[in-house]
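A.B. asks: Take a look at the letters that make up each chain.
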Amino acid sequence: MAVLTYREALNLALREEMRRDPRVFVIGEEVGLYEGAYKVTQGLLKEFGAQRVVDTPIAESGFTGVGIGAAMVGLRPVVEMMTFNFALVAVDQIVNTAAKIHYMSGGQYRVPLVIRGPGGPAAQLGAQHSQSMESYFYHVPGLKVVRPTTPMDAKGLLKAAIRDDNPVIFIESETLYNVKGEVPEDPEFLIPLGRAIVRREGTDVTLVAYMGMMYRAMEVAEELAPEGISIELVDPRTLRPMDAETIIGSVRKTHRAVVVEAGAGFAGMGSEIASFITERAFDDLDAPVERVTGANAPMPYARNLERLKTPSKEKIAAAVRRVCGTNGG
Amino acid sequence: MAPGPDLLLQMYAGMLRVRLFEERVRELFANGRLPGFLHTSIGQEACAVGACAALRADDYVLSTHRGHGHLIAKGGALRGLMAELYGKANGVCHGKGGSMHLADASVNYLGANGVLAAGCVLAPGVGLSIKRRGSAQVVVTFFGDGAANRGPFHEGVNLAAVWTLPVVFFCENNRWASSTASSLSAAGGSIAARAAGYGIPGETVDGNDVLAVWEATTRAVLRARRGEGPSLIEARTIRWVGHFEGDAQAYRTKAEVEEGRRTDPLARLGRLLEARQLLDAAHAGRIRAGVVAEIDDAVAHAETSPLPAPQDALADLFASYPWSR
Chain R
68 MAVLTYREAL NLALREEMRR DPRVFVIGEE VGLYEGAYKV TQGLLKEFGA QRVVDTPIAE
128 SGFTGVGIGA AMVGLRPVVE MMTFNFALVA VDQIVNTAAK IHYMSGGQYR VPLVIRGPGG
188 PAAQLGAQHS QSMESYFYHV PGLKVVRPTT PMDAKGLLKA AIRDDNPVIF IESETLYNVK
248 GEVPEDPEFL IPLGRAIVRR EGTDVTLVAY MGMMYRAMEV AEELAPEGIS IELVDPRTLR
308 PMDAETIIGS VRKTHRAVVV EAGAGFAGMG SEIASFITER AFDDLDAPVE RVTGANAPMP
368 YARNLERLKT PSKEKIAAAV RRVCGTNGG
Chain C
127 MAPGPDLLLQ MYAGMLRVRL FEERVRELFA NGRLPGFLHT SIGQEACAVG ACAALRADDY
187 VLSTHRGHGH LIAKGGALRG LMAELYGKAN GVCHGKGGSM HLADASVNYL GANGVLAAGC
247 VLAPGVGLSI KRRGSAQVVV TFFGDGAANR GPFHEGVNLA AVWTLPVVFF CENNRWASST
307 ASSLSAAGGS IAARAAGYGI PGETVDGNDV LAVWEATTRA VLRARRGEGP SLIEARTIRW
367 VGHFEGDAQA YRTKAEVEEG RRTDPLARLG RLLEARQLLD AAHAGRIRAG VVAEIDDAVA
427 HAETSPLPAP QDALADLFAS YPWSR
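If you're matching them up, the sequences are chains R and C in order. If you read the first sequence in the working numbering, its first letter stands for residue 68, the second for the next number, and so on. If you read the second sequence in the working numbering, its first letter stands for residue 127, the second for the next number, and so on.
These aren't lab readings, by the way, just hints derived from the structure by calculation. Positions of the beta carbon are idealized from the N, C-alpha and C atoms, including for glycine. A couple of the hints might just be wrong.
[Stated by the list, open to error] Okay, derived cross-link-like pairs now, DSS-like style, lysine-lysine, Cα gap no bigger than 30 Å in a straight line:
1. Lys380/R / Lys247/R
2. Lys113/R / Lys247/R
3. Lys257/C / Lys113/R
4. Lys247/R / Lys106/R
5. Lys382/R / Lys320/R
6. Lys257/C / Lys106/R
[Stated by the list, open to error] Away from chain C, derived, C-beta distances all over 12 Å, residues of chain R:
7. Lys106
8. Ala190
9. Tyr203
10. Arg267
11. Glu294
Kindly produce the complete structure, drawing on both the sequences and the hints.
C.D. replies: Okay, structure coming up:
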C-alpha cells in the first residue's frame, strides 16, 4: 500500500487505465497544458500527448457531446468537468443522449464514458460553485453515479468506471483532494460499482453517509462511543446502482438508521434510502428512519451561513440520539 | 464532377423509396394503424438521398426527428424501420426507439436525435474517433434551419473546425422551425454564411436538385477525407407536409406547398433521366413496382410481428450489467 492523496489516487487511476487501454483518453477544459483546474490530470499530457489529453474550448455541451460521440464509435473517453456545476450546461447530452442511447437503440450502441470532476459543498465558493449535484443524475435510468469518499475508493472506483461499458457520473470533491489514505499499488485493484462498504462496525444504529459527510459521521461515531452508542457507518460509494442489500443488512442488525446528506433534503438521496429501508426492513426498525440533510436553500457565501447549510456534527449526533432514545426523553 | 448513369438511377430509386415510404406512413397513421408521433420528409428527399449517395457504406450519419429518409438513403432495411415505427419486437431498435429515435448500426446510422442540434455535438466526437483510428471515414450530421439557432450547433461547428475533424454539417433548410418561419428566427438570412465565422467552407445549394446536393456533399466529403476539416452545407428545400402528422399548417400559405410540388425533386430527376434517355415510362413503372412491393412487404412484416415481451422493458438499460434497484 502507498499513502496517497485523493488527487494522486485519481491521477494514478487515469494513468494506469491510459497505459492499459489506448482507447482511453481525457478531454475537458485545461486538462492538458494547465494539468487540470485541480491538478488531477497532472503529468498526463507529457506522458500521453495531445491526442489523448485533449484541451477543449469552454463548451461543456459541446465537449460532453464529443465524449458521447467518440464513445459510440470505439473510444473510451473520460470527460472532465472543471466543476460539476458546469455539467448542467451539458445535461441534455448526458440525460437525453448518453443515458438513453444503449436503451433506445435496442442495445446497438454503447456509451463507455466517464464524466468526472469535483462537486458538492466547498469552501465559500457560493451558490453556483458549491452544491450537491448527484441528485440531478441518479434519478436518470441509464446512468451510474459514483461518489468516492476515500483515496482508495477514488482509485478503485475510477478504474472500474473507466472499464464499465456504460456512462458513469463520477463526482469528486474539492474539499477531499488533499485527504491522504492508503491506496493499493496493484494496477488491477478495482472496486466494483454498486457495492457499499461498512466503514465502522457497530451495534446500535446504522449511519449512512458519503464524501465529506462520512468524515463528519466518523467523528460523531468516535464522540458518541463513550456515551455507549455504537454506530455502524455504511458508505454506499455508488449511488446508482445502489447497494441496498448492505444497508438493509446493517439495519437488520442495528434496528435503527440515520441517513446524512449534504444536499437539500427534498427528494434527496436520504429520501430514497429511508424509503427502501422502510419498504424492506420495516419490521426490523425500532425507530423511524431519520434524515439529516442540507437546508433547502442555495449555498450562501458568508462563512457562518455556509456552516448552517450542511449537516453539522451536532445535528447528526442529535439525530443518532433521537433514534436511540437517549436524548433525555 | 458528375454522377454517372448508374448513380443517377440509384438516386432516383432512392428518392422514390423515401417518397413512397413516407406517403405510406402518412396513410397508415391517418387510418389509425400506425402509432406514435411522426415527422415525414416528403419534398425533402433530394437532401437525404443526394447527401448519402456521396458517402461510403462505412461513413456515419447522425439524423433528426425527421429522419426516416436519412436512414432509407443510408441503406437501412425497410422491414426493420417499419417494424420499429409499429413498435414491434423486431424493429431495428426492438421497439425501444420509434420514429424520433431510430438507429441502425448495420449501416452506421448512429441515430436520430429527438433534441434538435444534438447531432452537431456528437459529430465532432465521431470525427475525433475517426481521426484517432485513421480510418478516412466521414460523418454527416443532418439538422434543420431551426436547430441552427441552438447552442450545440455553434459549439459543434467550432469544435470540428478547431480540431480539423472529418465532419459534414448538413442543414436542411425547409423554411420552418416547427411552425415558426426561418425568416423570423434565424438572423443573417443564411445558415451557410455562419461557416465563415468558424473559418470553414459554407455553401448554399438548391436542396430540390439532387445533383447539386450530391456535388456539394461530395466536395465536403473529399475535403474531410483529405484531413482538411469540416464543411457546412445549407440545402434549401420545401417541406410539403406539416411539421408533424396532423399539423393543420394554418401558419403558412397554400402557395408555398404548391411551389414545393412545382419544384418536386423527384419529378425533376425523372425529367432529367428521360432527357438523357436513361429512363422511360416502362422502366420507371418497374422501379415503382419494386419499391411498392418492398413497402408492402415491410408493412405486412410489421403488422404480423409481435410486440416486445413485457420483460424486455428493462432490457438494454445497461450494457451487460446485472441491474438491481
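A.B. asks: Each hint should be assessed against the structure and marked as holding or not.
C.D. replies: Structure-based check of each hint:
1. Restraint check: the Cα-Cα separation between lysine 380/R and lysine 247/R comes to about 22 Å, which is no more than 30 Å; the hinted pair holds.
2. Of the pairs offered as hints, the one joining lysine 113/R and lysine 247/R holds, with about 25 Å between alpha carbons and a cut-off of 30 Å not exceeded.
3. A C-alpha spacing of about 21 Å is found between lysine 257/C and lysine 113/R, which places the hinted pair at or below 30 Å, so the restraint holds.
4. The hinted pair formed by lysine 247/R and lysine 106/R meets the criterion: a straight-line CA distance of about 16 Å does not exceed 30 Å.
5. Distance check on the hinted pair: lysine 382/R and lysine 320/R sit about 24 Å apart at the alpha-carbon level, within 30 Å; holds.
6. For the hint linking lysine 257/C to lysine 106/R, the alpha-carbon distance of about 28 Å falls within 30 Å, and the restraint holds.
7. Once the 12 Å rule is applied to beta carbons, lysine 106/R is consistent with being away from chain C; the minimum gap is 25 Å.
8. Even its closest Cβ contact with chain C, about 31 Å, leaves alanine 190/R beyond 12 Å, as expected for a residue assigned away from the interface.
9. Even its closest Cβ contact with chain C, about 17 Å, leaves tyrosine 203/R beyond 12 Å, as expected for a residue assigned away from the interface.
10. At roughly 24 Å, the least C-beta separation between arginine 267/R and chain C is larger than 12 Å, which holds for a residue marked as non-interface.
11. Every beta carbon of chain C lies more than 12 Å from that of glutamate 294/R, the smallest distance being close to 34 Å; the non-interface claim holds.
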